[in-house]
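Protein sequence lines, in the order shown, are assigned to chains A and B. Going by my numbering, the first sequence opens with residue 1, and the numbers climb by one from there. Going by my numbering, the second sequence opens with residue 299, and the numbers climb by one from there.
Please note that a few of the clues may not be correct.
DSS-like, lysine-lysine: derived pairs with alpha carbons at most 27 Å apart [stated by the list, open to error]:
no.	chain 1	residue 1	chain 2	residue 2
1	B	Lys330	B	Lys486
2	A	Lys157	B	Lys553
3	B	Lys538	B	Lys322
4	A	Lys72	A	Lys45
5	A	Lys72	A	Lys93
6	A	Lys144	A	Lys155
7	A	Lys293	B	Lys553
8	A	Lys293	B	Lys554
9	B	Lys322	A	Lys155
10	A	Lys155	B	Lys553
11	B	Lys553	A	Lys284
12	A	Lys157	A	Lys144
13	A	Lys275	B	Lys553
These are calculated hints, taken from the structure and not from any lab test.
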Amino acid sequence: MAPVSAMLPRWRLYSWSISLMSSGTTLCLEGAEFQYPETGKKVLKGIDLEIRAGEWVALLGPNGSGKSTLLKLFNALLIPSQGRCFVDGMDTKDQANTEIIRSKVSMVFQNPEDQIVASVVEEDTAFGPENLGLSSEEIRTRVKEALMGTGLWEKRKHAVSSLSGGQKQRLALAGVLAIRPGALLLDEAMSMLDPASRRSFLDLVRKEHDSGRTVVQVTHRLDETVLSDRTVVVADGKIQWQGSTEGFLSLEESRLREMGFAKPPLAVLREELVKNGILPPSTKPDISEIRGKLCLSL
Amino acid sequence: MSLSVADLSYTYNMGLPTEAAALKNISFEAEKGEIFSIVGHTGSGKSTLAMHLNGLMVLQSGEVIVDGIRVGGNPSDLRRIRQAVGLVFQYPEQQIFAETVREEISFGPSNWGLSGDALEERVCAAMDLIGLDRSFAQANPFMLSGGEKRRVAIASVLASDPDYLVLDEPSAGLDYNGLCELTSLLRKMSEKGKCVIHITHDLELALEISDRIMIISDGAVAAIGSPSEISGILSDIDIKGLILPDILSLSYELKKRGRIDKITSDPSELAEEIRTASSCR
Chain A
1 MAPVSAMLPR WRLYSWSISL MSSGTTLCLE GAEFQYPETG KKVLKGIDLE IRAGEWVALL
61 GPNGSGKSTL LKLFNALLIP SQGRCFVDGM DTKDQANTEI IRSKVSMVFQ NPEDQIVASV
121 VEEDTAFGPE NLGLSSEEIR TRVKEALMGT GLWEKRKHAV SSLSGGQKQR LALAGVLAIR
181 PGALLLDEAM SMLDPASRRS FLDLVRKEHD SGRTVVQVTH RLDETVLSDR TVVVADGKIQ
241 WQGSTEGFLS LEESRLREMG FAKPPLAVLR EELVKNGILP PSTKPDISEI RGKLCLSL
Chain B
299 MSLSVADLSY TYNMGLPTEA AALKNISFEA EKGEIFSIVG HTGSGKSTLA MHLNGLMVLQ
359 SGEVIVDGIR VGGNPSDLRR IRQAVGLVFQ YPEQQIFAET VREEISFGPS NWGLSGDALE
419 ERVCAAMDLI GLDRSFAQAN PFMLSGGEKR RVAIASVLAS DPDYLVLDEP SAGLDYNGLC
479 ELTSLLRKMS EKGKCVIHIT HDLELALEIS DRIMIISDGA VAAIGSPSEI SGILSDIDIK
539 GLILPDILSL SYELKKRGRI DKITSDPSEL AEEIRTASSC R
């Protein structure tokens with residue numbers, strides 16, 4: 001979890017938290033480049049990308065393409081070597097903005113152990129709000145809200161070590177939600193979860209998105225992207241393709257393979273059924289939708 | 299020669315209020331030359347089981363026998379067992395420690411006594427097998443992406459040339475091409491006579507690549523059999539955390555309603571079945 005300074009005046013923090021309750025955050029990269037000083041390797045090469053408040057963007061690309069690096073620019077964990085990164089208009093290069101940026105943009109990592117800091121569930125969830133310098137009452141409200149939302153309220157007194165992998169990942173999300181960020185960054189946050197845990201985690205993300213939060217989701221699984229508004233493909237540090245997720249999933253199999261992806265089986269089925277006039281073209285590659293329409297038409 | 303597990307049980311924090319049974323009387327036998335997938339939900343005990351297979355965890359009850367040698371028997375056998383059973387952890391960063399990829403991959407074989415050209419050859423062969431470009435040899439493994447770290451972790455185990463390769467969630471975090479390379483590597487290893495024990499929560503992948511599958515739920519064996527045997531019974535057993543792959547689930551449902559004749563996990567085949575059913579209406 002990104003540390004949030006408690007050094008700032010409380011009235012400022014309080015006013016941010018109020019303003020963030022119902023609105024998403026805008027994220028913007030202008031000619032952003034990034035070079036790791038340790039290796040000298042240029043990982044991002046002139047990225048221009050604007051993510052609108054409340055938008056859900058799936059960020060795809062092969063291993064080592066720069067996706068995780070790009071994500072880390074958005075909460076100022078990394079600063080572009082060239083070009084600029086803006087969060088709600090604030091330049092991440094300006095260190096005076098770092099604390100507010102980190103309270104607006106929160107990240108959930110692949111391995112929940114990387115961001116769980118306390119040994120008891122509710123203490124871990126309270127860590128972020130405590131660092132924001134909020135009142136005890138406000139902290140309690142947020143912890144309850146975050147744990148209820150992630151289905152962990154019953155486990156609030158439990159030791160973190162007693163949770164399963166899926167529960168730990170939900171706890172990592174709860175810790176982030178208690179900060180009430182305007183944007184959620186998910187860095188392969190579902191890759192270690194079993195299908196049922198993945199589905200329940202995705203449902204939580206859908207709820208957060210529905211409440212107005214911006215979501216940027218790094219994943220390798222195209223079946224996890226069907227709920228997103230837009231897909232951005234990064235390859236070798238550059239944007240290789242971007243457009244609606246629906247458009248992306250409808251690309252020819254050969255084009256997807258060229259970019260290093262395989263069409264999800266459900267998208268293949270949908271396409272063939274649409275081609276044969278069994279399903280209407282408006283059908284999404286979503287199992288519930290396809291099941292419902294097929295049961296009516298067959 | 300095989301790896302066999304009999305009545306293996308393990309309980310964490312035994313005797314404490316937080317006591318939790320992770321494994322309950324697990325028994326199976328995995329043979330050389332096969333891909334044996336162990337499928338289970340998050341927290342089902344898969345990783346605990348994996349760590350028993352090369353003696354990383356102390357046995358509480360039951361036994362693990364590798365090529366006739368009992369794990370936890372004679373302490374001097376542990377070295378032979380660890381050489382025979384290579385384990386790739388769920389999170390590759392947990393097993394990476396060296397400053398360069400070459401050093402990381404050569405650690406295992408150099409511990410088994412290899413040096414000089416023979417060691418270099420072994421390192422290069424392992425990198426080639428996993429599709430890791432040799433230009434990575436001098437790279438710092440901690441500076442690599444998640445997927446690249448995973449390849450380094452697998453290569454470092456392959457370099458020791460174990461007879462039993464245990465991989466805990468090897469496909470997580472890999473891109474599509476990486477996944478294709480991984481599945482072809484696992485097939486290649488089994489064709490070479492190695493036993494591949496593939497631990498995963500990805501039932502779809504397990505059905506596609508395995509010779510046999512064991513499903514565990516809450517630490518106990520729920521089912522064991524070939525992919526076709528497992529496909530046939532999946533709809534009848536309730537396995538916590540596992541959801542039937544979409545195509546298979548839709549196929550079961552339509553067959554149950556008498557709309558199609560065949561159960562399949564192939565989307566084009568299911569589309570054809572639906573098209574035929576639709577034209578008969």
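Quick rundown of the hints versus the structure:
no.	hint	verdict
1	B:Lys330 <-> B:Lys486	holds (13 Å)
2	A:Lys157 <-> B:Lys553	violated (46 Å)
3	B:Lys538 <-> B:Lys322	holds (16 Å)
4	A:Lys72 <-> A:Lys45	holds (15 Å)
5	A:Lys72 <-> A:Lys93	holds (13 Å)
6	A:Lys144 <-> A:Lys155	holds (11 Å)
7	A:Lys293 <-> B:Lys553	holds (16 Å)
8	A:Lys293 <-> B:Lys554	holds (17 Å)
9	B:Lys322 <-> A:Lys155	holds (24 Å)
10	A:Lys155 <-> B:Lys553	violated (40 Å)
11	B:Lys553 <-> A:Lys284	holds (23 Å)
12	A:Lys157 <-> A:Lys144	holds (12 Å)
13	A:Lys275 <-> B:Lys553	holds (22 Å)
Of the hints listed earlier, those the structure fails to meet are numbers 2 and 10, in rising order.
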